[in-house]
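> Work from the hints to combine the two standalone chains into their complex.
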Amino acid sequence: MAASRPGWRFILRRRIAAGSTASDEAPRAAADAGPTAESGQADGQAGHIGQAPEAGRPGQTPEAGQPGQASRLAGVLRALARNAAQVSSRAVALLKHLRLRWRSSLQLRVVSTTLVISAIVISVLGFFLMQQIAANLLGQAAASARTQASDGLAFAQTEAGVTSQPDASAGTVMTNVLGSLTASDENSGDEYGVAVVLPPDPTQPRFPYAYSTNLPVGWLPKSMIERVGDDRTRPDFIYARLPYPAEGSPLTPGLLYGAPFGSAYQLYYFFPLTQLQQELLLVQRTLALVGLALVFLLAGIAWLLTRWVVVPVARAAQGAKLLSTGNLDERLSVHGNDEVAALATSFNEMAASLQEKMRQLEELSQVQRQFVSDVSHELRTPLTTIRMAADLLYEAREQLETSASRSAELLHSQLGRFEALLADLLEISRYDANAATLDAELVDVCDLVRYSADVAQQLAERRGARIEFMLPVEACVAEVDRRRVERILRNLLVNAVEHGEGRDVVVTSAADRDAVAVVVRDYGVGLAPGEEHLVFDRFWRADPARARTIGGTGLGLAIALEDARLHGGWLEAWGQPGRGSVFRLTLPRAVGSELAGSPLPLVPEQAELDMMAAQPLDPRTSPPEPSDRVTMVSRQERG
Amino acid sequence: MKGRVLVVDDDAALAEMLGIVLRGEGFEPTFVADGDRALEAFRDTKPDLILLDLMLPGMDGIDVCRQIRAESGVPIVMLTAKSDTVDVVLGLESGADDYIVKPFQAKVLIARVRARLRRTDDPAPEMLTIGDVSIDVAGHSVKRAGTPISLTPLEFDLLVALARKPRQVFTREVLLEQVWGYRHAADTRLVNVHVQRLRAKIERDPERPDIVVTVRGVGYKAGPG
Numbered sequence: 010m011a012a013s014r015p016g017w018r019f020i021l022r023r024r025i026a027a028g029s030t031a032s033d034e035a036p037r038a039a040a041d042a043g044p045t046a047e048s049g050q051a052d053g054q055a056g057h058i059g060q061a062p063e064a065g066r067p068g069q070t071p072e073a074g075q076p077g078q079a080s081r082l083a084g085v086l087r088a089l090a091r092n093a094a095q096v097s098s099r100a101v102a103l104l105k106h107l108r109l110r111w112r113s114s115l116q117l118r119v120v121s122t123t124l125v126i127s128a129i130v131i132s133v134l135g136f137f138l139m140q141q142i143a144a145n146l147l148g149q150a151a152a153s154a155r156t157q158a159s160d161g162l163a164f165a166q167t168e169a170g171v172t173s174q175p176d177a178s179a180g181t182v183m184t185n186v187l188g189s190l191t192a193s194d195e196n197s198g199d200e201y202g203v204a205v206v207l208p209p210d211p212t213q214p215r216f217p218y219a220y221s222t223n224l225p226v227g228w229l230p231k232s233m234i235e236r237v238g239d240d241r242t243r244p245d246f247i248y249a250r251l252p253y254p255a256e257g258s259p260l261t262p263g264l265l266y267g268a269p270f271g272s273a274y275q276l277y278y279f280f281p282l283t284q285l286q287q288e289l290l291l292v293q294r295t296l297a298l299v300g301l302a303l304v305f306l307l308a309g310i311a312w313l314l315t316r317w318v319v320v321p322v323a324r325a326a327q328g329a330k331l332l333s334t335g336n337l338d339e340r341l342s343v344h345g346n347d348e349v350a351a352l353a354t355s356f357n358e359m360a361a362s363l364q365e366k367m368r369q370l371e372e373l374s375q376v377q378r379q380f381v382s383d384v385s386h387e388l389r390t391p392l393t394t395i396r397m398a399a400d401l402l403y404e405a406r407e408q409l410e411t412s413a414s415r416s417a418e419l420l421h422s423q424l425g426r427f428e429a430l431l432a433d434l435l436e437i438s439r440y441d442a443n444a445a446t447l448d449a450e451l452v453d454v455c456d457l458v459r460y461s462a463d464v465a466q467q468l469a470e471r472r473g474a475r476i477e478f479m480l481p482v483e484a485c486v487a488e489v490d491r492r493r494v495e496r497i498l499r500n501l502l503v504n505a506v507e508h509g510e511g512r513d514v515v516v517t518s519a520a521d522r523d524a525v526a527v528v529v530r531d532y533g534v535g536l537a538p539g540e541e542h543l544v545f546d547r548f549w550r551a552d553p554a555r556a557r558t559i560g561g562t563g564l565g566l567a568i569a570l571e572d573a574r575l576h577g578g579w580l581e582a583w584g585q586p587g588r589g590s591v592f593r594l595t596l597p598r599a600v601g602s603e604l605a606g607s608p609l610p611l612v613p614e615q616a617e618l619d620m621m622a623a624q625p626l627d628p629r630t631s632p633p634e635p636s637d638r639v640t641m642v643s644r645q646e647r648g
Numbered sequence: 042m043k044g045r046v047l048v049v050d051d052d053a054a055l056a057e058m059l060g061i062v063l064r065g066e067g068f069e070p071t072f073v074a075d076g077d078r079a080l081e082a083f084r085d086t087k088p089d090l091i092l093l094d095l096m097l098p099g100m101d102g103i104d105v106c107r108q109i110r111a112e113s114g115v116p117i118v119m120l121t122a123k124s125d126t127v128d129v130v131l132g133l134e135s136g137a138d139d140y141i142v143k144p145f146q147a148k149v150l151i152a153r154v155r156a157r158l159r160r161t162d163d164p165a166p167e168m169l170t171i172g173d174v175s176i177d178v179a180g181h182s183v184k185r186a187g188t189p190i191s192l193t194p195l196e197f198d199l200l201v202a203l204a205r206k207p208r209q210v211f212t213r214e215v216l217l218e219q220v221w222g223y224r225h226a227a228d229t230r231l232v233n234v235h236v237q238r239l240r241a242k243i244e245r246d247p248e249r250p251d252i253v254v255t256v257r258g259v260g261y262k263a264g265p266g
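Chains A and B, in that order, are what the protein sequence lines are.
Residues 10 to 648 in our numbering are what the first sequence lists, from first letter to last.
Residues 42 to 266 in our numbering are what the second sequence lists, from first letter to last.
Just to be clear, a hint being listed does not mean it is correct.
DMTMM-like mimics (lysine to aspartate or glutamate), calculated; alpha carbons at most 25 Å apart, straight line [to be verified]:
| id | chain 1 | residue 1 | chain 2 | residue 2 |
| --- | --- | --- | --- | --- |
| 1 | B | K123 | A | D383 |
| 2 | B | K87 | B | E112 |
| 3 | B | K123 | A | E614 |
| 4 | B | K87 | B | D51 |
| 5 | B | K206 | A | D383 |
| 6 | B | K123 | A | E407 |
Keep in mind that the hints were calculated from the coordinates and are not lab data.
Here chain B stands alone, though its shape is the one from the complex (with noise of 0.2 Å):
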C-alpha cells in the first residue's frame, strides 16, 4: 500500500507524536508547520493522504482545502479541536474526506488513514446508469451527457455505493460502513455533507436532487422516484 502521509500541524510535539505513530504503522509522513507553506509541499512531496489541522499560522486550514482540493483528489483528513457542527460542515465542504476530532487515539486515526488510504481495485469493467448520468467504475470516470464531471474518490466511491443498488435506500451507517470503511462510532454527519457535495456536482438542480435521493428518516438512495 502507498504510504506518503502528509501531516501539517503548527503543534511541534504533537506532529512529532503524529510520526512516531504513523512510522511505526509503515507510512511515510512528511510535515510542514504553516499554511503558507502547505500547498507547496503538497506539490513537492505528493502525498497520498494529508493530515491537515484546521487552525494554522498563516493561511487558515480551510482555506490550504480548498486550495488542494482544486488541484487533486487526494484523501484529505482534517484534524480539528473544535466538534461543532457548524465547524465540521465547513470543513467537509471545503473538501476535507474525514475529520478527526481531538483528543484521538493513535488507533482511530491509523485506521481511518487506512481506510481512506484502501482502494478496491475492481478489475472487472462496469458500467452503471442513474439517469442520464454514465458512471464507468474502473474507469472511475463520470459523464453526464457525455460531459464529464470530475469528483472526488470519496465522491466517487459513495455514488457507485448508490448507483451499484438503485432504489435500495442506505442508512447513514451503512454507507459509513461501505464507503467510509467505519465500522461504528462515527458521525453521520460525514454522510450529509459528502451527499451534498455530491449533488452539487451532478445534480441539474441540488434544490430538487433526481440522482442521489433523501428517504426522510432513513437515509438516501440512488435513482428517481
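With the rest of the complex left out, here is chain A (with noise of 0.2 Å):
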C-alpha cells in the first residue's frame, strides 16, 4: 500500500503507469501525453470528457505553385547558409581560443575542474536532498490523507442506507452522505473535494451517478472506479491531476483515494497538493541558491589557494627566463621550507653555479684573447726584421754567389709563406677566443667582388684564363665587414683560378631583399663527393700531392668560413670531379638578421649539368696543351 516513491515532480505531473493504461478514454489519455510530455504544452490543451484533441496546428510549408515565395525561401536559406558557417567558423575560432587559454593557465584548468566537480556534486546532493524532502512531505501528506479518508469512510459506512441496494432513494442517500461528510470536516480547515459516486451498473436502469463537493467526478478514471469497486476491503490512492475546485478550473495535481462503502457505493477523496508543491518549490529555490553559492565559494577557494602554487611557480619562470637571456644576477626570494621554498634554493643554486662558470669561462676567453694579443706582439717584431733583412738580401742576390743566391731566393719566398701562415693562424686563434669583432658598414658587394679580384686576375692572366663577372646593374648594398668580405672573396676568387685548369671561371652575384649572394664558378678540378664539407677544414688539401702556385697556408677557406660566420652568413660548396666547382657565399643585408634563403642557387641547374656531361671529361693525364699557359711545375716567384 505504502506508495512508491518516484520524484515529486513525477509524483504532481504524471499518474501511475496503471492511471494511464486506459486507452479506451481518449481524453485522459490526451490529458497526459507520454512519458516526454513537458509543462511547455499547456494543460488546458488536453481535452477531457466530451472534447476531442484538437487536430495537428495547420502547415507552415508554403504551398506549391508559388514561385516568388519559392524563391524568396531560397534566399531565406541562403543567408541562413552563410549565417551558419559564420556562426560556426566563430564557434571554432572561440573554441580554439579557449583551448589555448585552457593549455596555458594551471590555474584556470584548477578552478575550472573544482567548479566543474563540485558543480556535479552538489547537485547530485541536492537533488538528493530534494529527493528525501519531497518524498518525507509528501509521505506525511499521504498519511493525513488516508486518515482523512479512512476517517470519511468508517463515517460513511454508518449512514443510513447506505447498505442496502441502490434504488429511486440512492441519490438521496449520497447526498446525504456528502453532506455528512463535509459538514462534519468543515473545521478541519484543509481543502479537499469528496465525491460519492455509484458505478454504473448495466443491469440497472440509470441511477444518479454522483454528488460531489470539489470534485469533478467527470475527470474520474474509470479504471479506477472498476478497481475501487473490486476490491471493498480498503481504500486505494493514486496520483492525479484533476479541475479543482471546480470544472473549469486549472488542473492539480493531488491524491485521489477511493474506497468502497455500503452496498456499491464509492468514496472519493481528492486532497490537493498545491501548497506542498509550493513548499517544495521553496526549499528547491533555496538549496539551488545554496548549492550555487557553496559551488562559487568552492572555485573562489580553490582559486586562491592554487596561487600559493601557481605564483612562485610562475616566479621562477621568470626568473629562468631572464636568467637565459643573461640576466645571471636573477634569483628568488626563499621563504619557509616547503616545496616551493626548495624549488626556490635549487634556482638559486643553479643560478650561482652557472654564473660562477660563465665568469670562468669569460676569463679563460680573456686569457686566451690576451694570449693571442702578446704572442701576436712578440712574434711579429722579430719577423718584421727578418723580412726586411731576408728582402735586403733578395734585392742583393746578383751579388752574391749562386748558393748564396739562391738561398736568398728561398728564403724570399718561404718568408713570405710564413708570414701569410702566421697571419692565418693568429686569425683564426681570434675566432677560437671569441674575440673576432665584426666592423659592419654599408657596402656594395658587387662592387667588392670586382675590387677583389686584382690578385686573381693576374694569377689567371698568367694562366690565359678569362675571369667572366656576372653582376647586376644596381648595388647590391648590404652592411657587411669590407675588410672580411674582401678577403673571402679574393680567396674564393684565387682558389678558382688556381684550381680552373685555364679555363674561365665565372662570378655572378645576386641580391634579394634579405641576402645577398656571390657565386664563384670554376670548371676545372673539381670536387669529389663529400669533398664540399671537408674543403673548409683547416690545412684540408684535395690533392697532398698537389704543389701549388701561390703559397697557400691550407687555413684561406676555413678563415673564410669563419668570415662568413661571423655575418651570420653561409659559405658552401659544391663539386663534381673533373668539371669543376661552385662556392657560393651568402650575406645577410643587415647585420643580426637571421638567413632563410639564398637569391642564387648552389648547385647548377640540371641543363648546365646535362650539358656539361655530354662533354667529355677532360683528363688531368693528358699533356697540356703547349702555349702561354704555365704548367703547375714551374714556380712563380712573388715579385
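Rendered as C-alpha cells:
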C-alpha cells in the first residue's frame, strides 16, 4: 500500500502507469501525453470528457505553385546557410582560443575543474536531498490524507441507507452522505474534494451517478472506479491531476483516494497538493541558491589556494627566462621550508653555479685573447726584422755567389709563406677565442667583387684564363665588414683560378630583399662527393701531392668560413670531379638578421649539368697544350 | 727631397734594420728607444717624418703621438703589431697620418714614407671655398669667417682634394690614391678616421657635417646638400 517514491515532479505531473494505461479513455490519454510530456504543453490543451483533442497545427510550408515565395525561401535558406557558416567558424575560433587558454593556465584548469566537479557533486547531493525532502513531505501528506479518508470512510459506512442496494432513493442517500461528510469536516481547515459515486451497473436503470463537492467526477478515471469496485476492503489512492475545485479550473495535482462503502457505493477523496508543491518549490529554490553559492565559494577557495602554488612557479619561470637572457644575477626569494622554498633554493643554486661557470669561461677567454695578443706582438717584431733583412738580401742576390743567391731566393719565398701562415693562424685563433669583431658598414658587394679580383686577375692572365663577371646593374648594398668580405672573395677567386685548370671562372652575384649572394664557379678539378664539407677544414688539401703555384696556407677557406659565419652568413661548396666546383657566399643585408635562403642556387641547373655531362672529361693526365699556359710545375716568384 | 726620419722603436734589431733600409734609400735616420725621450729627440732633430712604434717603454706610443702632434704637423707613420680596428683607430685619432702593420716589407714602408714626404709644390695661387670655410691652397691655410683653423698637412690635403671638386663623390679608394698616394691594397679605415679628425676641426657640428659630407655606401664629398 505504501506509495512508491518517484520524484516529486513525477508525482505531481504524471500518473502511475496503472492509471494511465486506459487507452479507451481518449481524453484521459490526451490529458497526459506520454512520459516525454513537458510543461510546454499547456494543460488546458488536453481535452477532457466530450472534447476531442484538436487536430494538428496547420502546416507551415508554403503552398506549391507560388514561385515568388519559393525563391524568397531559397534566398532565406542561403542567408541562413551563410550565417550558419559564419557562426560556426566563429565558434571554431572561439573554441581554439579557449583551448589555448586552458592549456596555458594551471589556475584556470584547477578552478574550472573544481567548479565543474563541485557543481556536479552539489547537484547530485542537492537532488538527492530534494528527493528525500519531497518524499518525506509527500509521505506525511499521504498519511494525513489517508487518515482523513479512512475517517470519512468509516463515517460513511455508518450512514443510513448505504448498505441496501441502490434504488430510486440512492440519490438521497448519497447526498446525505456527502452532506454529513462535508459538514463534519468543515472546521478541519484542509481543503479537499469529496465525491460519493455509484458506479453504473448495466443491469440497473440509470440512477444518479455521483454527488460531489470540489471534485469534478467527470475526471475520475474509469479504471480506478472499476478497481475500487472490485476490491472492497481498503481504500486505494493514486496521484492524479484534476481540475480543482471545479470543472473549469486549472488542473491541480493531488492525491485521489477511493474506497467502496455500503452496498455498491464508492467514496472518493481528492487532496490537492498545491501547498506541498509550493513548499517544495521554495525548498528547491533555496537549495539551488545555496548550492550555487557553495560552488562559487569552492571555486574561489580553489583559486586562492592554487595561487599559493602557481604564483611561486610563475615567478620561478620568470626568473629562469631572465636567467636565460643572460641576466645571471637573477635570484628568487626563499620563504619557509616547503617544496616551493626548495624550488627557489635549487634555482638560486643553479643560477649561482651558472654565473660562476660563465665567469670562469669569460676569464679563460680573456686569458686566451690576451695570449693571442701578446704572441702576436712578440712574434711580429722580430719577424719584421727578418723580413726586411731577407728582402735586402733578395734585392742584392745578384751580387752573391750561386748558392748564397739561391738561398736568398728560398729565404724570401718561404718567409712570405711563413708570414701568411702566421697571419692566418692568428686570425683563426682569434675566432677560437671568440675575439673576432665585426666592423660592419654599408658596402656595395658587387663593387667589392671586382675590387677583390686584382690578385686573381693577374694569376688568371698568366694561365690564359678569364674571369667573367656577371653582376647585376643595380647595387647590392649590404651591411658587412669590408675587410673580411674582401678577404673571402679574394680567397674564393684565387682558389677558382688556381683549380680552374686554365678554364674560365664565372663570378655571379645577386641580391634579394634580405640577402646578397656571390657565386664563384670554376670548370676545373672540381670536388669529389663528400669533399664539399672537407674543403673548409683547416689544412685540408684535395690532393696532397699537388704543388701549389701560390703559397697557400691551407687556412684560407677555414678563415673565409669563419668570416662568413661572423656575419651570420653562409659559405657553401659544391663540385663534380673533373667538372669544376661552385662556391657560394651568402650574406644577410642587415647585421643580425637570420638567413632563410639565398638569391642564387648552389647547385647549377640541371640543364647546364646535362650539357656538361655530354662533353668529354678533360683527362688530367693528358699533356697540357703547349702554349703560354703555365704548367703546374714551374714556380712563380712573387715580385 | 728632404730626408730626415726619426725612428722611435724599442727593438734594437728592428731599429737597426730600419736604419739600413732607410739609409739605402737615401734617408737620414735617427733613433730613439723609449717614449720619454721621444719628444726631446723630435725637438732636437726636427725630422721630416717620424716612424713611431706603439708599444714603447716609458710613455706609450699613443701619448707620444699626441704630444708631437700638439706641436707640429710633421707626418707620423705608426708601426704596430696590432691590426684590430680599435687599436688602429686609436692610433690614427691620436694624430698619426698612416699606420703599417708588422711584419711589413721594406718596399712597402719606403713607398709610404715617400708618399708622405712628397709635397706637391703648387705655385699657382688657388682659393677654394666650401660653405663659410675658405682655403688658400698655396698658402696652406684654412679660415672660417676670418678665424684660421690649424690642420695637419694630411688633413689639409684631404680637404683640398674634396674641395677642388665640390659635390663630386670620392670613394675611399680614390681618396687613398689621391691624398695618401697608395695605389691599392691599403686600408680604407685610414680615410674614415681622417675624415672624422677633419670634421672635428672644421665642422660647426661634427655630428651633422655640412662641409665634408658622407654619401652612404659610396664615400665622401665636399659641400652641403
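> Hint by hint, note whether the structure agrees.
Hints, one by one, checked against the model:
1. Between K123 of chain B and D383 of chain A, the direct Cα distance comes to roughly 10 Å. Compliance with the 25 Å bound is thereby established for this hinted pair.
2. Only pairs whose Cα atoms come within 25 Å are accepted, and K87 of chain B paired with E112 of chain B is accepted, the gap being roughly 12 Å.
3. Taken as a hint, the K123 of chain B and E614 of chain A pair is broken in the structure, with Cα atoms around 45 Å apart against an allowance of 25 Å.
4. Taken as a hint, the K87 of chain B and D51 of chain B pair is honoured in the structure, with Cα atoms around 20 Å apart against an allowance of 25 Å.
5. Between K206 of chain B and D383 of chain A the CA atoms are separated by roughly 45 Å; this puts the pair beyond 25 Å, and the hint is violated.
6. Restraint check for K123 of chain B and E407 of chain A: not satisfied, since their Cα atoms lie roughly 35 Å apart, outside the 25 Å limit.
When each numbered hint is compared with the structure, violations occur for hints 3, 5 and 6.
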